[in-house]
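Please construct the entire structure, taking both the sequences and the accompanying hints into account.
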Amino acid sequence: MSYPELANVQGIVEHRFVQRHSAVMLFSLRDALGAKRFLATWKHRIPRADAAPADLKAPLLSLGVTWRGLTILLENEQSLEPAVGRTELDYGFTERTPDHPGLSDQLGFTGSSSPERWWDRQFTNTDIHLAVFASFDNGSQMEETMSAIRADADRLSLTELKLNAFASAAMSGERPQGGILHFGYRDGITSPEIDWFDRSPVGRVNFREFVMGYPSDSYKVAPISPGPWRDLATDASFACVAWIQQDVAAFNRFLADNTVLGNGTAPAGLEKEWLAAKMMGRWPDGSPLARYPRAPPHETDFNDGFDFSDDPKGIRCPLTAHIRVVNPRSDKLTFPNASRFPGGLPRFVRRGFTYGPRLEGSEDDGIERGLVGIFMCARINEQFYTALRWINQTSFSEALHRKPYSETMQDALFGSRSKPKVDTRLVIPGDNGSVAEATLPGFITYRGVCNFLLPGMRSLAKLTE
Numbered sequence: 141m142s143y144p145e146l147a148n149v150q151g152i153v154e155h156r157f158v159q160r161h162s163a164v165m166l167f168s169l170r171d172a173l174g175a176k177r178f179l180a181t182w183k184h185r186i187p188r189a190d191a192a193p194a195d196l197k198a199p200l201l202s203l204g205v206t207w208r209g210l211t212i213l214l215e216n217e218q219s220l221e222p223a224v225g226r227t228e229l230d231y232g233f234t235e236r237t238p239d240h241p242g243l244s245d246q247l248g249f250t251g252s253s254s255p256e257r258w259w260d261r262q263f264t265n266t267d268i269h270l271a272v273f274a275s276f277d278n279g280s281q282m283e284e285t286m287s288a289i290r291a292d293a294d295r296l297s298l299t300e301l302k303l304n305a306f307a308s309a310a311m312s313g314e315r316p317q318g319g320i321l322h323f324g325y326r327d328g329i330t331s332p333e334i335d336w337f338d339r340s341p342v343g344r345v346n347f348r349e350f351v352m353g354y355p356s357d358s359y360k361v362a363p364i365s366p367g368p369w370r371d372l373a374t375d376a377s378f379a380c381v382a383w384i385q386q387d388v389a390a391f392n393r394f395l396a397d398n399t400v401l402g403n404g405t406a407p408a409g410l411e412k413e414w415l416a417a418k419m420m421g422r423w424p425d426g427s428p429l430a431r432y433p434r435a436p437p438h439e440t441d442f443n444d445g446f447d448f449s450d451d452p453k454g455i456r457c458p459l460t461a462h463i464r465v466v467n468p469r470s471d472k473l474t475f476p477n478a479s480r481f482p483g484g485l486p487r488f489v490r491r492g493f494t495y496g497p498r499l500e501g502s503e504d505d506g507i508e509r510g511l512v513g514i515f516m517c518a519r520i521n522e523q524f525y526t527a528l529r530w531i532n533q534t535s536f537s538e539a540l541h542r543k544p545y546s547e548t549m550q551d552a553l554f555g556s557r558s559k560p561k562v563d564t565r566l567v568i569p570g571d572n573g574s575v576a577e578a579t580l581p582g583f584i585t586y587r588g589v590c591n592f593l594l595p596g597m598r599s600l601a602k603l604t605e
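Oh and the sequence shown: position 298 is 438 in my numbering, straight run, nothing missing.
These aren't lab readings, by the way, just hints derived from the structure by calculation.
Among the hints, a few may not be true.
[Stated by the list, open to error] Dumping the calculated DSS-like pairs for lysine-lysine here, alpha-carbon to alpha-carbon at most 25 Å: (1) Lys453 to Lys412; (2) Lys453 to Lys302; (3) Lys176 to Lys302; (4) Lys183 to Lys360; (5) Lys543 to Lys561.
[As the list claims (entries may be wrong)] Each pair of labels, with its calculated beta carbon distance range: (6) Arg177 to Ser449: 48 to 58 Å; (7) Val400 to Ser142: 49 to 59 Å; (8) Val400 to Arg170: 37 to 47 Å.
Every residue, glycine too, gets a C-beta built ideally from N, C-alpha and C.
Structure below.
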């Protein structure tokens, strides 16, 4: 078969679950037998990608394992030697995990975001073997299901890795009301539609960006060689989890202190919204600056079919706006970057949830808030890590090598300002050649990042044998 079998793909890859409540529970595995029994107990709650949306009844689970967790589950599987798997699977999963010291500066894991500070110092990435991703209709269902999962984990000798920062002791939160995140932007507009059948329809993204087992000339998706490791990885995805704390007070202060940047340009009364739009690339309601550079439309424009071909200098949408950095669309990449992506720009499926109460003002209330992002892809280094590298140093685009920009600038919202030798300016070019500038503070802190394999349903059954 030349394309995936949707019945073999975990449903979270295809479906954006509508349930309000979500959690990510982390576990260490003490022995293979207990872990297999735990997976066997709960895998029936995993929806498949071919399920009809109306059939997705909560609680809905997805199961992911780290490389260390996978090696525990395969300890007696002679055809799947870990020494071979290290070379067959994506090295962003097996070797160069997010806490690898050689990656920290590249990916923005510096200063308060350094790996030694992750998980509130309660455990490290080496302790994480298994993740249970869960969606629930309501708080009582969430509490009941998590209690049942914990009881089975305890009975089968799994150790839960708990986090004191969350009342539930696991990363947990909600799909925000109206889809509005803590920084005030609408979420969920740009999730790619997947071309599951390799037909290349306009507007859809090739499935090889998201699932493994079907390498091609344009998508060098590991495992490249046929054999037991490719069989295990077929129809699997990687889920890269990032726990991100957001400093909403600092963000609101920045908007309030820099409304002067919009003098003569921003619509009267919308100076903060204009500046926020220049940082995101969309108005807070979600309408793109590429279509509405001067003011938001009367009705939100959710059509994602735009590019930046008529805005090479960032007059409409600044080159360091978040949506332009993570998805440059028609922008010209530098030759090395263009050569890396013959099949098109790297994309990933994004899921996640927010945590903590909303904050409207610019005074910090001492309550933690942020988001937990789940980024699904088939090539960690070429997709997830690439997005992080571009966010933290914008040398990937030819246009950013020309003034008023520089190749050491960062994503206006998510750049780690503690990364050495970066240009922390926000620049907003005007129609008349003017340039408004401000120095960007840090708005986010990475509290933990870890990569998981979401096995296909058949491989998951094999792991529970």
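Problem - Restraint check for Lys183 with Lys360, where alpha carbons must lie at most 25 Å apart - result: violated (30 Å)
Problem - Pairwise hint evaluation, Lys412 against Lys453, where the allowed Cα distance is 25 Å at most - result: holds (23 Å)
Practice task
Take a quick look at whether Lys176 and Lys302 sit within 25 Å of each other, Cα to Cα.
Solution key: Answer holds: Lys176 to Lys302 is near 21 Å, not above 25 Å.
Handout entry: Distance restraint between Lys453 and Lys302, which requires alpha-carbon spacing of 25 Å or less
Key = Not satisfied, since the Cα-Cα distance of roughly 47 Å exceeds 25 Å.
Handout entry: Distance restraint hint 49 to 59 Å, applied to the beta-carbon atoms of Val400 and Ser142
Key = The hint (49 to 59 Å, Cβ to Cβ) holds, given that Val400 and Ser142 are roughly 57 Å apart.
Practice task
Kindly confirm whether 37 to 47 Å is satisfied by the beta carbon distance between Val400 and Arg170.
Solution key: Given about 59 Å between the Cβ atoms, the range is violated.
Exercise for the section: Decide if the proposed pair is consistent with the structure: Lys543 and Lys561, CA atoms, cutoff 25 Å inclusive. Expected result: Holds - the C-alpha atoms of Lys561 and Lys543 are around 17 Å apart, at most 25 Å.
Exercise for the section: Starting from the hint 48 to 58 Å, judge whether the C-beta atoms of Arg177 and Ser449 obey it. Expected result: holds (55 Å)
Comparing the model with each earlier hint shows violations of hints 2, 4 and 8; every other hint is respected.
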